[in-house]
Amino acid sequence: MSNRIVNWFKFASPYSFYPVAGKMMPWFWALAAVFGVAGLWIGFFVAPTDATQGEGYRIIFIHVPASWLSMFIYLVMAMWAGIGLALNTRLAGMMAQALAPTGAIMAFLSLWTGAFWGKPMWGTWWVWDARLTSELILFFLYLGFIALQAAIDDPRRADKAGAILALVGVVNVPIIYFSVKWWNTLHQGSSVSLTKSPSMAQTMLWGMLLMALAFWMYSLAVALKRLRTIILEREAHTDWVQNLAEVRAPANLTEVPA
Amino acid sequence: MLSAIDLACTRGERSLFSGIDFEVKAGEWLHVRGANGCGKTSLLRLLAGLSKPAHGEIRWNGNPANDDEYRADLLFLGHHAAVKEELTALENLQLASSLDGEELPEDEAVAALRRFGLQGREDLPVRFLSAGQKRRVLLARVMTRKARLWVLDEPFTALDTRAVQLLGSLVGEHLAGGGMAVVTSHQAIPIPGGKGLDL
Amino acid sequence: MLAVMRRDLLLAMRRKTEVLTALFFFIIVTSLFPLGIGPESALLRKIAPGVLWVGALLATMLGLQRMFASDHADGTLEQMVLSPTPLFFLVAGKNAAHWLVSGLPLVVLAPLLGVQFDLDPESLGVLTLGLLLGTPVLSLVGAIGAALTLGVRGGGVLLSLLVLPLYIPTLIFGAGAVQAHTSGLGAGGHLSLLAALLAMALFFAPWATTAALRISLE
Numbered sequence: 001m002s003n004r005i006v007n008w009f010k011f012a013s014p015y016s017f018y019p020v021a022g023k024m025m026p027w028f029w030a031l032a033a034v035f036g037v038a039g040l041w042i043g044f045f046v047a048p049t050d051a052t053q054g055e056g057y058r059i060i061f062i063h064v065p066a067s068w069l070s071m072f073i074y075l076v077m078a079m080w081a082g083i084g085l086a087l088n089t090r091l092a093g094m095m096a097q098a099l100a101p102t103g104a105i106m107a108f109l110s111l112w113t114g115a116f117w118g119k120p121m122w123g124t125w126w127v128w129d130a131r132l133t134s135e136l137i138l139f140f141l142y143l144g145f146i147a148l149q150a151a152i153d154d155p156r157r158a159d160k161a162g163a164i165l166a167l168v169g170v171v172n173v174p175i176i177y178f179s180v181k182w183w184n185t186l187h188q189g190s191s192v193s194l195t196k197s198p199s200m201a202q203t204m205l206w207g208m209l210l211m212a213l214a215f216w217m218y219s220l221a222v223a224l225k226r227l228r229t230i231i232l233e234r235e236a237h238t239d240w241v242q243n244l245a246e247v248r249a250p251a252n253l254t255e256v257p258a
Numbered sequence: 259m260l261s262a263i264d265l266a267c268t269r270g271e272r273s274l275f276s277g278i279d280f281e282v283k284a285g286e287w288l289h290v291r292g293a294n295g296c297g298k299t300s301l302l303r304l305l306a307g308l309s310k311p312a313h314g315e316i317r318w319n320g321n322p323a324n325d326d327e328y329r330a331d332l333l334f335l336g337h338h339a340a341v342k343e344e345l346t347a348l349e350n351l352q353l354a355s356s357l358d359g360e361e362l363p364e365d366e367a368v369a370a371l372r373r374f375g376l377q378g379r380e381d382l383p384v385r386f387l388s389a390g391q392k393r394r395v396l397l398a399r400v401m402t403r404k405a406r407l408w409v410l411d412e413p414f415t416a417l418d419t420r421a422v423q424l425l426g427s428l429v430g431e432h433l434a435g436g437g438m439a440v441v442t443s444h445q446a447i448p449i450p451g452g453k454g455l456d457l
Numbered sequence: 458m459l460a461v462m463r464r465d466l467l468l469a470m471r472r473k474t475e476v477l478t479a480l481f482f483f484i485i486v487t488s489l490f491p492l493g494i495g496p497e498s499a500l501l502r503k504i505a506p507g508v509l510w511v512g513a514l515l516a517t518m519l520g521l522q523r524m525f526a527s528d529h530a531d532g533t534l535e536q537m538v539l540s541p542t543p544l545f546f547l548v549a550g551k552n553a554a555h556w557l558v559s560g561l562p563l564v565v566l567a568p569l570l571g572v573q574f575d576l577d578p579e580s581l582g583v584l585t586l587g588l589l590l591g592t593p594v595l596s597l598v599g600a601i602g603a604a605l606t607l608g609v610r611g612g613g614v615l616l617s618l619l620v621l622p623l624y625i626p627t628l629i630f631g632a633g634a635v636q637a638h639t640s641g642l643g644a645g646g647h648l649s650l651l652a653a654l655l656a657m658a659l660f661f662a663p664w665a666t667t668a669a670l671r672i673s674l675e
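Chains as they are written, first to last, in the numbering used here: chain A, 1 to 258; chain B, 259 to 457; chain C, 458 to 675.
Take these hints with a grain of salt, some might be off.
[As the list claims (entries may be wrong)] One side only, chain B facing chain C, incomplete, derived with CB under 8 Å:
1. Glu281
2. Val282
3. Ala306
4. Leu308
5. Ser309
6. Pro311
7. Ala312
8. Arg329
9. Phe334
10. Gly336
11. Leu345
12. Ala354
13. Gly359
14. Leu362
15. Thr415
16. Leu417
Keep in mind the hints are simulated off the structure, nothing from the lab. No residue lacks a Cβ here, since even glycine has one placed at the ideal position from N, Cα and C.
Using the sequences and the hints given, assemble the complete structure.
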């Protein structure tokens, strides 16, 4: 039993996790591709045309999974940042740093596809619906996290400050969502709402789930890649990084004459 | 008694020092020496509890040195002037004491300022004092705060010879009374005895 | 804790211009809106809660850096962290002093400015009560941001980016209270939610601020 616990902690340092991440990445890319193709096929070919919204609703297969992922990633990011803060480890903080841009992109994608959904449906590019508005605020929270970490020079302080911000954010996200919903119902002029999605046919649900899985695998792959880059940057002074094959012999550079 | 066990410090991702062990008992003081940038200030900040060591621990009388009890016994003077420019010297001393939970009677504060050659200037806002005088207001805190361990980072900066002597004799008195000190300085320190630690 | 409040109030008194600048900002900004939109009183009455609340938000944000920045620069913050008094209380004291100096004046000014928007006295009352409950939340949450961005490049703007999303619930409930009142729904729900936010902020924000301060001083 104790052997298994020791084994997990063995991967808790940048040095040991770097190669593991490298090995895991191709698998996640592959899964992302598989799920993505399956999801898109269902979304665009199998799922029936919606009675009220026609073909345009199909963008929901990107919009909804992107939303789910943006919130999921925020939680995971806050979790890793919190672990890094509590246990004073570097790798957890690096993982949070790696996840942030992907989460922000998911939020942005959700907002963008939300706009594309809204335009043909209701004639406006933007709708102050509770979910879109919360998504916008979540996007700002991501930007704040990224900006804070970028502005602090000392990487350890950046990790810890980011952790506090992310944890405060996590506590606030439900409050923000609740307040926006409240605000929205109070000011409900039209019946426009992106949350009133077409009633879920079984296939539509499958399509969204598959796309969500695809996005999840994609996020993992991208986050791991970014993590490896961050590890290389932050551990650049260590021996093991300088001895890495990719650091020693970059592919396209010619030897600089001595 | 202050003890450091296998202390290591990193700044950014660089390791400044590691494997530092020492003990400072009552009546002793430690002179931390080393070139610029080698971590003297970092070590003192570790001792003060402002940052956490990358490895190792610091103990005060056998207990980990990171609680309010330790801080009650600690006086740390860093690079900053640590005085508010808009307040007078007297207000600075008294408010600093009340933040620590003690009330400092005015006559004690005035006496401390007088000892440091600031009589007649107690009621001026500190921004009207010269750099050396500001430093001396800070040092007056050394007298008014009853701490057993003094951690002083370059305390002799910007002081004239008289003030240097004064501080030296103050530290001497403190040590004679059973106190401890950890000091860094580029200048010669006019305090007898003392162990050296080279970083 | 009272000692810290006393100290910060004393300092604020000696440095009045900073405090007054933020208040004048509040006055000017809220006056800009009618100038930009037009003097129709029906419209003004509608936008008044939002404008006044956003003005209060922005004015609070201007004053946030003041909470820790100067203490950080001259080293007195370090001494506070090293004090045997638990940092939680010192932070709470600083928060209280900050609110007394920047938040409370907003609460007092708001009804006067609300008159510019032709709000009736009862709505003004709801607005003021909302601000009374909400401005402490703004100070408390803003303190976390101020502590996180101590000494960081681009501090002021970064602070805004960090803190404004967190201010949104307070804005929604505060402005919403007045709107609910004017539309006859009663402001009770909104105001109690504001009170709940205040209670939560009072308990949790100083902890986060304390942690952030320690991190910034490492």
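Now the hints, each set against the structure:
no.	hint	verdict
1	Glu281	22 Å, violated
2	Val282	18 Å, violated
3	Ala306	6 Å, holds
4	Leu308	6 Å, holds
5	Ser309	4 Å, holds
6	Pro311	11 Å, violated
7	Ala312	12 Å, violated
8	Arg329	5 Å, holds
9	Phe334	5 Å, holds
10	Gly336	6 Å, holds
11	Leu345	7 Å, holds
12	Ala354	7 Å, holds
13	Gly359	5 Å, holds
14	Leu362	11 Å, violated
15	Thr415	13 Å, violated
16	Leu417	17 Å, violated
Checked against the numbered hints above, the structure violates hints 1, 2, 6, 7, 14, 15 and 16; every other hint is satisfied.
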